[in-house]
Each structure stands twice: as C-alpha cells, then as structure tokens.
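Engineer: The listed protein sequences correspond, in order, to chains A and B.
Number 243 in this note's numbering belongs to position 243 of the first sequence; there are no gaps in the numbering.
Number 333 in this note's numbering belongs to position 333 of the second sequence; there are no gaps in the numbering.
To be clear, the hints were calculated from the coordinates, so they are not data collected in a lab.
Remember, predicted model here, so these are calculated numbers, not experimental data.
Some hints here could point you the wrong way.
[To be verified] So the derived list for chain B, only partly shown, Cβ under 7 Å to chain A, looks like this: (1) 76; (2) 78; (3) 91; (4) 92; (5) 123; (6) 125; (7) 298; (8) 341; (9) 489.
[Said to hold, decoys possible] Pairs of lysine-lysine residues, derived as BS3-like cross-links and limited to a Cα-Cα distance of at most 27 Å, are as follows: (10) B:194 to B:155; (11) B:296 to A:124; (12) B:112 to B:152; (13) B:320 to B:387; (14) B:428 to A:364; (15) A:290 to B:545; (16) B:197 to B:31; (17) A:38 to B:521; (18) B:34 to A:364; (19) B:520 to A:38; (20) A:358 to B:66; (21) B:21 to A:213; (22) B:387 to A:30; (23) B:521 to A:41; (24) A:358 to B:52.
[What the hints assert, rightly or not] Simulated restraints, written as ranges between beta carbons of each label pair: (25) B:543 to A:275: 53 to 61 Å; (26) A:293 to B:125: 43 to 51 Å; (27) B:490 to A:5: 39 to 47 Å; (28) B:490 to A:172: 54 to 62 Å; (29) A:239 to B:129: 55 to 63 Å.
We treat Cβ as the ideally placed atom computed from N, Cα and C, and that holds for glycine.
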Amino acid sequence: MSLIDLSGSLLFIAFIAYLVATLFFGGAIKGTKQDASKSNKNWGKIAITITIIGFIANLGYFITRWIYAGHAPVSNMFEFTTAFGMFVVGAFILIYFIYRLPALGLFALPIAILIIAYASMFPKEVTPLIPALKSYWLTIHVITAAIGESILSISAVAGLIYLMKNVDTTKRTKSSIWLEIVMYAVVLVLGFVIVTTTFKAIGYEADFSYVDKNGAQQEITYNTPALFGMHQYELKSSGKMEPLAEMPAIVNAKKLTTVVWSVIFGTVLYGLIRLILRKPICRVVQPLTKRVNSQLLDEIGYRSVLIGFPVFTLGALIFAMIWAQEAWSRFWGWDPKEVWALITWLFYAAFLHLRLSKGWQGEKSAWLAVVGFAIIMFNLVAVNLVIAGLHSYAG
Amino acid sequence: MNKITCECGHVNPEGTHLCEKCGRPLTEEDKKQKIVDMKYEGSAIRSKTYNKTIIDKIWNFFSSVKVGVTIIIVTLIVAAVGTFLPQVVYVNVADGEDVKQAYVDSYGTFGKIYYNLGLTDIYSSWWFQTLIGMLAISIIVASLDRGIPLYKSLKNQRVKRHESFMKRQRIFGQKEMPSAEADESLDLADKKMKELKYNVRREENALLAEKGRFARLGPYVNHLGLIIFLFGVMLRLMPGFYIDEDLWIREGETESIPGMEGYYLHSNKFTFQTYEKGEQTKEFNQSKAAVNSVAKNYQTDVVLYKAKDSAIAGDTENLKKIKKSAIKVNEPLKYNGYGLYQMDFRLNELKAMHFDLVNKKTGKSLGEVTIDLADPKKVYKIDDQTKVELKGYYPTFSGFDNGEPQSESPIPNNPAFIFKMYTPETPKGETSFVAIKQTLEPLGTTKYKMKFASIDTRNVSGLTVRKDKTLPILALGGIIFMIGVVMGSYWSHRRLWLQKTADGRLIMAAHTNKNWFSLKKDLNAVTDFAHLPAWIDQQDEDDLKKKQENEKEGDHNL
Ligand code: HEM
C-alpha cells in the first residue's frame with residue numbers, strides 16, 4: 001500500500017470511529033435522572049476512547065499525507081477543510097477533559113463528521129505548491145489559525161445545546177424559528193454531500209467552452225447537470241443537459257449550479273424529514289439536552305472562546321502578518337481573506353466584551369457563539385470559493 | 001471629593017460601592033442587593049461617579065463598554081462591506097482607462113454605485129481611519145478608567161471581610177461550629193489550599209486563599225499591546241519610517257536602488273519555472289490544473305553593491321560588492337533593515353535587434369548592425385564607406401501623427417527606426433523607415449535595405465524595495481498583546497474566604513472572575529477535607545432548587 005492510500009484509509013477509519021463514538025455518547029446521556037448513572041459513565045468512557053482512537057487515525061492521515069506530498073496538507077479546499085474537521089474533534093477532546101460533558105460529544109462529533117464529508121466532495125489530489133505558498137510561516141499560520149477556529153467552534157456547539165435546552169420550541173418565537181433554520185442549514189450541507197456523491201457515482205460529466213471576463217476562450221467541466229451556463233457557453237459533450245440560463249462573465253455558473261442543486265436536494269430532504277417526524281427537527285433533538293446544566297453550557301461556551309481567541313489571534317493575525325511581510329513585503333494588505341480574519345477576530349472581541357455586561361450571558365451569548373461559527377464557515381466557504389483573493393485555494 | 005468612611009474606619013474615594021478593605025456595602029442600594037457586583041471589586045470608577053462637565057461626558061462616552069463594542073461592530077461591518085468587490089489596489093486598470101470605468105465594465109451599475117460611495121478604497125478613507133482612532137481612544141480611556149481603581153482595590157484588600165460582604169457572594173455557606181473545631185477547619189483549609197497552589201493569608205479568625213490575581217491585569221496588558229501596535233501603524237506616516245519603492249531591473253543591468261541611497265543592484269538572471277508533467281508522482285498530475293503550467297518558482301539572481309565612500313552619485317564603475325543572492329517569492333534579500341522582494345516580472349523583453357544591410361537586387365549583405373534597444377547609437381559604422389545612421393528611434397511605435405512616427409512608451413515593445421544607409425554605391429545616403437513587419441521608403445525607392453536578422457531578449461524583474469522601521473514597535477505591541485490575552489484567558493482569579501464568627505459559626509464565601517465550575521472543583525476538594533459548611537451557588541437554578549427543597553423539609557443548616 002502506498003503512503004497516499006494509507007493516508008486515505010486512515011481518514012476513513014477516523015470517519016467511521018467518529019460515527020460510532022457519536023452513538024456511544026448517545027448512550028452516555030440516556031436516562032432521566034439528573035445525575036449520571038454508572039452505565040452512563042461507562043458509555044461515556046467508551047465513547048471518548050473511540051473518539052481518541054479516531055483522532056489518532058485522523059492525525060495519521062494528516063502526517064502520512066504530509067510526508068507524501070512534501071508539504072503540509074492544508075493547501076487546497078479538501079485538505080484544509082479536512083484538517084479543520086480534525087481540529088474540531090481535537091478541540092472537543094480538550095474541552096471534554098475539562099468539563100466531561102457527554103452531550104457535547106453528541107453534537108460536536110456530527111458537526112465534525114459533516115465537515116469532513118463536505119471536505120471530501122472537493123478534488124482530493126495532491127497539488128503542487130505555487131511559490132507564494134512555499135513558506136513555513138504559511139504552514140504555521142494556516143495550522144494555528146485552523147486550530148483557533150476549531151476551538152472557537154466548540155463554543156458554538158455548547159451554544160447550540162444551550163439553545164436546544166432553553167428555547168421553547170413548542171411556540172413560534174423568533175428563537176425557535178431561527179433554531180429550526182440552523183437545523184435546515186445543516187440539512188443543506190447534507191444535501192450538497194448527497195448531490196455531489198450521487199452525480200460522482202453516476203460519473204456525470206459535461207464539457208463546455210465559454211468566454212471568461214478577460215475575453216479569453218476557456219473550457220470547463222460540469223459534474224452536475226448544468227442549470228446555469230457560463231458566459232457565452234457552448235455545450236461540447238453530446239446528450240447532456242443544456243443550461244437553463246446563461247450567466248454574465250463575473251459569475252461562476254458551475255459553482256452556482258452546484259449551490260442551487262444542493263439547495264434543491266437539501267430542501268427536499270428537509271421536507272421528507274419533516275414528513276416522517278411530523279414536527280420540527282429541533283423538537284426531536286431537544287430531549288437529548290434535557291439533563292444538561294445550562295450554566296455549565298454557558299461556561300463551556302465562554303471558556304472555549306477564551307481558549308480559542310488567543311490561539312486564533314496568534315495564528316490568523318500575527319503569524320499571517322509575519323508571513324505576509326516575508327512574501328508580499330507588507331504585513332497587511334486588506335485582501336478579502338485577511339479582512340475576514342480581522343472580522344472574525346473583532347467579532348469574538350465583541351463577544352468577550354459583551355459578556356462583561358449584564359444580560360448577555362445565557363441565551364444571547366449562545367446565539368453569538370452560533371453566529372461566530374457562521375462567520376468562520378463563511379470565511380472557509382464563501383471567501384475561498386466566491387470572493388477570490390490571494391489566498392483563494394480552490395480554482 | 002466626598003470621601004466615604006466605612007464603619008471599619010477605612011476611608012474610600014467617592015463612588016466606591018464596597019469598602020476597599022472589609023468589603024461592606026457602602027450605599028443603600030448596594031445593601032439591598034442579594035449578590036454584590038464584584039466586577040471591579042466595587043471600587044470607584046471615574047465614569048460611574050462624575051457626569052457633570054463636558055470632559056466627564058466625553059470620558060464617560062469613551063469608557064463605556066457598550067460604546068466600545070459598538071465601535072468594534074461598526075468597524076467589523078465596514079470592513080466586511082469593503083470585501084464585496086475588489087479594492088482599487090487589486091483591480092487591473094489598463095493604461096489610460098478610468099478606474100471608475102473599470103468598475104462599471106466589470107460589475108455594472110453595482111460597481112458604479114460602489115465606486116461612487118467611495119467603497120473601492122474604503123480602508124484608506126478618512127472615516128474608516130477615524131473609526132480606528134475612536135477605537136484606540138476608547139481602549140485607552142476604558143483601561144485607565146477601570147484598570148487603576150481595580151489595581152488599587154486588589155492591592156488594598158484585607159483578609160478579613162465583613163460578613164455582609166461574604167453573604168452577598170455567589171458562593172456562600174455557613175454552619176454552627178464550636179470554636180476549637182473551627183480553628184482546626186481553618187488549619188486544614190490552609191493546608192489543602194496551599195496544596196492546590198493557592199496563596200493563603202490569615203488574620204485573626206479569618207483566612208483568605210487566593211490564586212491567579214495577575215489574571216485580572218490581563219485585559220489591561222492586552223489593551224496596552226493594542227495601543228502600542230496602533231501607535232506603530234501611525235508612525236509609518238512619518239517620513240523616514242517607511243519606504244516603499246518599485247524597481248524594475250533588466251538582466252545584465254546595474255541600477256541604483258530607489259530609497260536606498262548609495263546602493264546598487266545588478267541582475268544576473270531572472271528565472272520563471274513551472275511544474276513539469278513528469279515531475280511529480282502519478283496522483284500529483286491527476287488534476288488538470290496541476291498540469292496546466294502551475295508556477296513553481298520566480299527568482300532573480302542579483303548582486304548587491306555599495307558605492308565607495310569617495311564615489312560621486314551615479315558612478316557605477318567604483319562599486320564594492322556586498323553580497324550575491326537569489327531573490328524568490330517568500331525569500332526576500334534582506335540587508336541593513338531593507339528588504340528586496342520579488343513581486344513581478346516581464347519575460348522576453350527586447351534587448352537588441354540585428355539587421356543586415358543588404359542590396360535588394362543581389363541580396364548581398366554588406367555587414368551586420370546590432371542595435372542595443374536600451375542604448376542605441378547614433379551611427380553604426382561597417383567600414384570606411386559603409387555606415388548606417390539612426391535618425392529616429394521609437395521604442396513602442398504606435399502609428400503616425402501628421403506624418404511623424406509616435407512612441408507610446410520608452411519600453412521597447414514595438415520598436416521602429418528611421419535609418420539612413422550609406423554605401424559605396426549610394427554615398428548620399430538612402431532613408432528608410434523600419435518597423436516590425438513594415439518597411440516604408442518615404443524619400444523614394446532605395447537600393448539597399450535593413451534586413452531584419454534576429455533579436456536578443458532578456459527578462460525584467462519587478463522588485464519592491466521596502467524598509468519599515470515600525471516593525472519592532474509592531475512586534476512589541478503584538479507580543480504584549482499576546483502576553484496580556486493569555487494572562488487574562490488561561491488563568492482566572494479565584495478567592496476563598498473563611499471566617500470564624502464571634503457567635504460560633506464558620507462562614508465561607510468564594511469568588512472567581514470566570515470559570516465557576518473550575519472554582520467549584522477546588523471547593524469540592526477542600527470542603528470535605530476541612531469540614532467546611534455546605535455551600536451553594538446563589539445564582540445556579542439547580543442549587544437554588546435544592547436549597548428550597550431542603551428548607552421545606554425543615555433542614556435549616558444553611
Ligand atoms: C479590538 C479591540 C479590543 C480587543 C482585542 C480587546 C480585548 C479584550 C480582551 C481579550 C478582554 C478580556 C475579556 C475577558 O477576559 O473576557 C478585554 C476586556 C476588557 N476590554 Fe477590551 N479589547 C478591545 C477593545 C476594547 C474597547 C474599545 C474597550 C472600551 C470600552 C474595551 C474595554 C474593555 C474592558 C472594560 C474590559 C474588562 C476588563 C476587566 O475585566 O477588568 N476593550 N478586552
């Protein structure tokens with residue numbers, strides 16, 4: 001087995017381990033009594049053990065791929081997102097050993113699983129590095145920033161559990177509607193994974209030529225039936241679907257097509273789930289959070305921001321500035337990716353200050369943590385794929 | 001100032017809520033509260049005390065955390081708006097094209113509005129800079145406002161606190177206990193808390209165990225770091241602190257370095273490499289993008305020279321070699337605080353053109369002429385009777401205006417020449433206009449012509465010359481910020497107070513500025529060990545419920 005195959009298998013093992021561990025965390029929160037029973041504790045122990053095994057396998061993936069490629073595997077969308085998922089698990093393990101709250105695992109692991117699944121929708125090839133990326137400062141910067149973001153994400157997990165427990169989902173309030181929207185968003189990601197996997201399994205490929213915004217003739221291959229065509233497109237493959245509409249040159253119609261397919265699939269999926277459950281998803285999830293102490297959740301949320309914020313500052317701002325000084329001769333250049341790191345940082349600074357005022361603990365703080373995660377995700381997904389800057393990885 | 005004298009005799013400044021020494025609540029309002037506000041230890045905060053003069057009002061405005069957070073959020077939103085479309089510096093504007101037009105061409109009406117609103121250069125706008133300035137003022141004011149009193153009251157605190165202070169702590173417990181037993185409890189607690197790495201002080205019948213007080217200073221240290229950083233950023237506006245110049249240098253040339261007085265750079269070679277197909281393993285090349293010429297390296301091989309002290313400016317003969325180096329992306333040449341960065345390049349710029357002077361009829365050549373495009377000569381002599389005069393040179397020929405050839409730029413992109421050819425056969429000379437793929441004979445048909453033979457090209461490197469004297473200040477600010485933020489985030493200030501009362505009780509209270517569950521872990525460890533009273537968290541619903549249930553059952557030991 002070559003190193004790259006080994007690497008792939010290790011990632012797969014990690015993925016399965018996280019799935020299994022989630023089930024065991026479920027066992028650890030079963031029951032109605034306030035205090036954890038002996039059986040609960042045993043389930044919890046097994047669950048965290050499996051999580052750690054998975055994490056070690058995940059690290060194995062990371063290291064073997066690093067050795068194989070000769071550079072840190074954080075240089076394209078697949079690699080970076082996978083690493084982020086791995087760090088989320090790592091951050092969860094860290095926080096778990098401070099607070100030993102199994103419910104945290106029950107929510108954190110599925111989120112990590114979804115992130116890794118999302119990552120594996122992108123091309124997995126090892127890609128060569130362009131000169132700007134050949135710097136150990138860049139490696140340190142990206143890895144530290146990702147670790148910081150993953151610790152900050154745990155606060156969103158705690159916040160989500162807090163909201164599940166404390167928002168009255170039987171009433172139509174702003175909070176309960178938003179909470180259900182969060183669930184819907186999670187299903188949409190699932191929709192993206194399903195769409196991509198399905199068409200990949202079929203082997204769908206449609207080649208187009210188009211004219212880019214500089215007026216040059218380009219080629220592009222769609223992996224899903226084209227809903228939107230690129231600027232002045234021409235279908236080259238026979239028997240494939242013609243696009244429904246043509247987009248101007250500044251819009252990447254291929255990505256737009258994927259997004260729209262994901263929304264369609266996700267929405268249908270969400271509808272099906274609602275039909276089967278006959279109630280909002282969050283009301284089904286809610287009972288899992290019944291036994292958790294709200295104040296503990298609030299503290300975990302705050303604590304993870306406290307732990308993550310310095311790491312994020314170091315990685316996403318300070319190391320980034322050092323690298324930029326080396327590579328671009330200036331430590332700051334207001335390029336979109338930099339600006340969004342600054343925005344994330346300012347947001348969490350605001351979070352920390354708001355907690356100093358009365359009335360911003362508990363539910364409001366939990367919502368802020370969820371918004372913070374949304375910003376991190378926006379950073380990862382939208383800024384990389386849409387607002388292309390110097391840092392843009394995926395083509 | 002109206003000082004407040006506490007019952008314990010300590011004189012507190014106006015605006016104090018809890019006596020600095022014993023902790024007694026000082027105002028009627030504070031006495032009514034079930035749990036005291038411990039944020040700044042109840043010390044006198046200027047902004048909460050005075051609100052009369054205009055200075056008070058400005059001070060209070062900037063010291064407010066609400067205002068601070070508002071400024072942070074506004075900055076954040078403005079920064080986000082700036083990423084909707086690329087900023088001016090990232091937009092390629094073709095020569096002679098209007099910037100606004102470039103936005104309209106690419107982004108239509110939205111681009112036009114965006115440009116008109118000034119959002120295309122948002123980060124250098126005066127109002128964005130004002131926002132950052134306000135942020136800095138707010139940080140300074142808020143830190144002085146709270147940091148100093150907080151520091152004083154933490155320093156002044158006494159071991160023995162008044163019971164009314166302890167009762168109003170979130171964590172409180174009491175139980176009746178014979179005096180001897182209580183003394184033993186204090187000793188045991190003393191021992192255990194020391195084991196837990198607390199600092200233990202005792203006074204009369206009271207004990208204070210304290211840990212991580214320095215964490216309270218964390219925010220003030222990190223704010224100081226931020227201010228130093230922002231100060232450094234401002235400094236670069238001062239002349240001399242910051243140099244940012246461009247240097248285009250051709251292979252084989254020696255140029256004086258702009259911004260770097262007395263230094264010269266010689267370029268030996270510029271290299272641009274792409275990844276080759278077979279270069280990497282199989283998986284490497286599965287992606288189409290990888291094969292399609294992914295850039296691998298940009299590199300300029302240079303030699304850095306310094307003019308000898310005695311040399312006059314511009315004298316490139318008398319240079320002292322300093323070092324030889326390869327400048328690559330991510331590997332600048334650093335010398336004496338200056339950095340030379342590989343930023344841009346032009347491949348295959350024309351260097352020289354070779355022509356043959358040939359007889360049109362026979363095709364026989366009289367000799368070759370080589371024109372150095374950067375430094376063309378007036379006359380090219382082939383032999384005594386044969387020569388070519390260069391009457392005109394147009395590096396980037398762009399057409400005729402009134403019969404006169406025009407040149408768009410001094411860079412030889414599309415060179416054109418007017419030659420006057422002298423041969424034994426045509427001693428008076430013949431004139432011919434020669435451009436790429438075009439020959440004109442404006443003064444009549446000629447017998448001879450300049451026949452294009454070949455070209456020499458060379459590469460041009462675009463370098464940036466940078467010196468930034470503010471970097472050490474920025475680094476200092478960054479380091480102080482990190483120290484402060486780690487102090488404040490990874491440690492917390494925990495305190496346990498124990499007291500044996502005159503009426504035969506042992507009372508305890510505890511406080512932490514954050515992470516209550518971690519404090520409770522410590523308390524659980526000491527409570528059993530030292531037979532301390534059962535305590536509750538007066539803010540925890542679960543604890544309060546338990547307390548109510550206990551009271552219903554008639555258990556009154558709380
Ligand atoms: C981007 C700018 C800022 C950053 C990164 C920053 C950072 C921090 C951090 C990390 C803390 C500690 C929070 C905690 O432990 O939960 C803190 C506390 C604080 N900050 Fe800031 N801050 C900034 C701007 C401001 C501004 C504009 C104000 C003005 C009102 C301010 C006032 C305070 C106050 C009053 C505290 C609490 C101090 C204490 O607990 O003793 N900060 N700041």
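Engineer: All hints, please: hold or fail.
Structural biologist: So, going through the hints one by one against the coordinates:
1. 76: Holds, about 4 Å.
2. 78: violated (10 Å)
3. 91: Residue 91 (chain B) check fails; min Cβ-Cβ to chain A is 12 Å, beyond 7 Å.
4. 92: violated (9 Å)
5. 123: holds (5 Å)
6. 125: violated (12 Å)
7. 298: holds (6 Å)
8. 341: holds (4 Å)
9. 489: Where the cut-off is 7 Å and the nearest Cβ of chain A is about 4 Å from residue 489 (chain B), the hint holds.
10. B:194 to B:155: Between residue 194 (chain B) and residue 155 (chain B) the Cα gap is close to 21 Å, so the pair holds against 27 Å.
11. B:296 to A:124: holds (20 Å)
12. B:112 to B:152: Measuring from Cα to Cα gives roughly 56 Å; hence the hint is violated.
13. B:320 to B:387: Violated, at roughly 39 Å.
14. B:428 to A:364: violated (94 Å)
15. A:290 to B:545: At roughly 16 Å apart (the allowed maximum being 27 Å), residue 545 (chain B) and residue 290 (chain A) satisfy the hint.
16. B:197 to B:31: violated (34 Å)
17. A:38 to B:521: holds (20 Å)
18. B:34 to A:364: holds (24 Å)
19. B:520 to A:38: Holds - the C-alpha atoms of residue 38 (chain A) and residue 520 (chain B) are around 22 Å apart, at most 27 Å.
20. A:358 to B:66: holds (11 Å)
21. B:21 to A:213: violated (72 Å)
22. B:387 to A:30: violated (101 Å)
23. B:521 to A:41: holds (19 Å)
24. A:358 to B:52: Judged against 27 Å, a Cα distance of about 25 Å means the pair holds.
25. B:543 to A:275: 53 to 61 Å: violated (43 Å)
26. A:293 to B:125: 43 to 51 Å: Taking Cβ atoms as reference, residue 293 (chain A) and residue 125 (chain B) lie about 48 Å apart, which means the hint holds.
27. B:490 to A:5: 39 to 47 Å: Roughly 41 Å apart at Cβ, these two residues keep to the hinted range, so it holds.
28. B:490 to A:172: 54 to 62 Å: Violated - the Cβ-Cβ distance for residue 490 (chain B) and residue 172 (chain A), about 42 Å, lies outside 54 to 62 Å.
29. A:239 to B:129: 55 to 63 Å: holds (59 Å)
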